[in-house]
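Work the whole structure out from these sequences, hints included.
There are 2 protein chains.
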Amino acid sequence: MTDLQVVANPGTQEIIITRSFDAPRELVFNAFTDPDAIRRWWGQRDSETIVDGLEARTGGRWRFVERDKDGNEYGFHGVFHEVTSPVRIVWTFEFEGMPGHVLLETFSFEEQDGKTHMLDSSVFQSVADRDGMLQSGMESGAAESFDRLDEYLAKG
Amino acid sequence: MTDLQVVANPGTQEIIITRSFDAPRELVFNAFTDPDAIRRWWGQRDSETIVDGLEARTGGRWRFVERDKDGNEYGFHGVFHEVTSPVRIVWTFEFEGMPGHVLLETFSFEEQDGKTHMLDSSVFQSVADRDGMLQSGMESGAAESFDRLDEYLAKG
Numbered sequence: 001m002t003d004l005q006v007v008a009n010p011g012t013q014e015i016i017i018t019r020s021f022d023a024p025r026e027l028v029f030n031a032f033t034d035p036d037a038i039r040r041w042w043g044q045r046d047s048e049t050i051v052d053g054l055e056a057r058t059g060g061r062w063r064f065v066e067r068d069k070d071g072n073e074y075g076f077h078g079v080f081h082e083v084t085s086p087v088r089i090v091w092t093f094e095f096e097g098m099p100g101h102v103l104l105e106t107f108s109f110e111e112q113d114g115k116t117h118m119l120d121s122s123v124f125q126s127v128a129d130r131d132g133m134l135q136s137g138m139e140s141g142a143a144e145s146f147d148r149l150d151e152y153l154a155k156g
Numbered sequence: 157m158t159d160l161q162v163v164a165n166p167g168t169q170e171i172i173i174t175r176s177f178d179a180p181r182e183l184v185f186n187a188f189t190d191p192d193a194i195r196r197w198w199g200q201r202d203s204e205t206i207v208d209g210l211e212a213r214t215g216g217r218w219r220f221v222e223r224d225k226d227g228n229e230y231g232f233h234g235v236f237h238e239v240t241s242p243v244r245i246v247w248t249f250e251f252e253g254m255p256g257h258v259l260l261e262t263f264s265f266e267e268q269d270g271k272t273h274m275l276d277s278s279v280f281q282s283v284a285d286r287d288g289m290l291q292s293g294m295e296s297g298a299a300e301s302f303d304r305l306d307e308y309l310a311k312g
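Each protein sequence line maps, in turn, to chains A and B.
Just so you know, our numbering puts 107 at position 107 of the first sequence, and the rest follows in order with no gaps.
Add 156 to a position in the second sequence, counting from 1, and you land on the number used in our numbering.
Simulated from the structure, these hints should not be mistaken for lab results.
Hints may be right or wrong, so weigh each one.
Per the computed footprint, the stretches of chain B lying under chain A, defined by three or more beta-carbons under 8 Å from a beta-carbon of chain A, are [as the list claims (entries may be wrong)]:
id, segment
1, 177-184
2, 250-261
If you want the footprint, here are the derived chain B segments under chain A, 3+ residues with CB under 8 Å [said to hold, decoys possible]:
id, segment
3, 223-236
4, 271-280
No residue lacks a Cβ here, since even glycine has one placed at the ideal position from N, Cα and C.
Structure follows, in structure tokens:
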């Protein structure tokens with residue numbers, strides 16, 4: 001059991017995810033900005049994640065491609081608005097399967113007693129965009145990906 | 157009279173501005189990406205706008221400083237997620253007087269009979285952020301700035 005919570009109130013344009021990780025926040029933060037780490041935890045277990053770019057600085061671009069076991073590829077990209085180690089990341093996010101639909105995602109990390117509490121807030125251009133993301137299975141996808149991050153952090 | 161409309165429904169995280177300009181959309185689009193143009197229309201009439209940066213491409217940074225008649229300076233900055241001439245601009249926007257509060261703004265331009273219809277949609281990280289922007293006088297500020305853009309376009 002994890003303490004994952006996903007809040008998406010009806011009619012709003014946001015999804016708020018909170019989760020704790022049993023690791024100092026420097027390590028959690030680095031897992032978001034290091035391509036080698038991303039490859040190991042981002043996306044689903046039975047997929048491969050290709051990091052096509054990850055420039056973790058203001059104005060830097062990122063692009064990840066998730067390749068599933070059947071070889072289908074799903075691209076995601078955006079730009080970093082802010083990278084403040086180890087506290088906060090603000091980036092844009094676009095799924096290339098739905099071009100032109102962009103969201104703004106903010107990750108905030110707080111540390112307490114050696115654990116890191118993450119707040120992951122996404123705001124969408126419309127309620128329909130937000131609802132579409134939920135209907136795509138985003139909630140179970142995020143849960144699995146953050147479980148993988150937990151396992152990555154435990155390996156040290 | 158202009159056809160400016162500002163929609164900000166209670167409890168939502170967005171502000172949607174629509175306005176027409178009596179000019180082809182290439183000219184309107186260029187007025188958003190050319191530093192010399194920005195200096196002439198962005199901000200209030202009795203202020204001076206300094207373009208500290210404007211790299212109109214994905215990942216490019218922008219920063220404008222508005223200096224009022226008393227010499228007070230107000231900085232604004234962000235990064236471009238998308239620049240598709242002459243159709244669409246998506247950027248992040250942060251007022252430096254409220255650091256850490258970021259919005260995602262999308263400008264879309266459609267042309268009809270030589271006129272350009274602009275849709276300017278901003279989504280905020282919270283309803284409180286959105287309401288704060290409205291209370292800061294954003295609506296009258298935008299109206300004045302877009303009137304100045306109209307005048308700039310009329311001068312050719």
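Hints versus structure:
{"no.": "1", "hint": "177-184", "result": "violated (count 0)"}
{"no.": "2", "hint": "250-261", "result": "holds (count 5)"}
{"no.": "3", "hint": "223-236", "result": "holds (count 3)"}
{"no.": "4", "hint": "271-280", "result": "holds (count 3)"}
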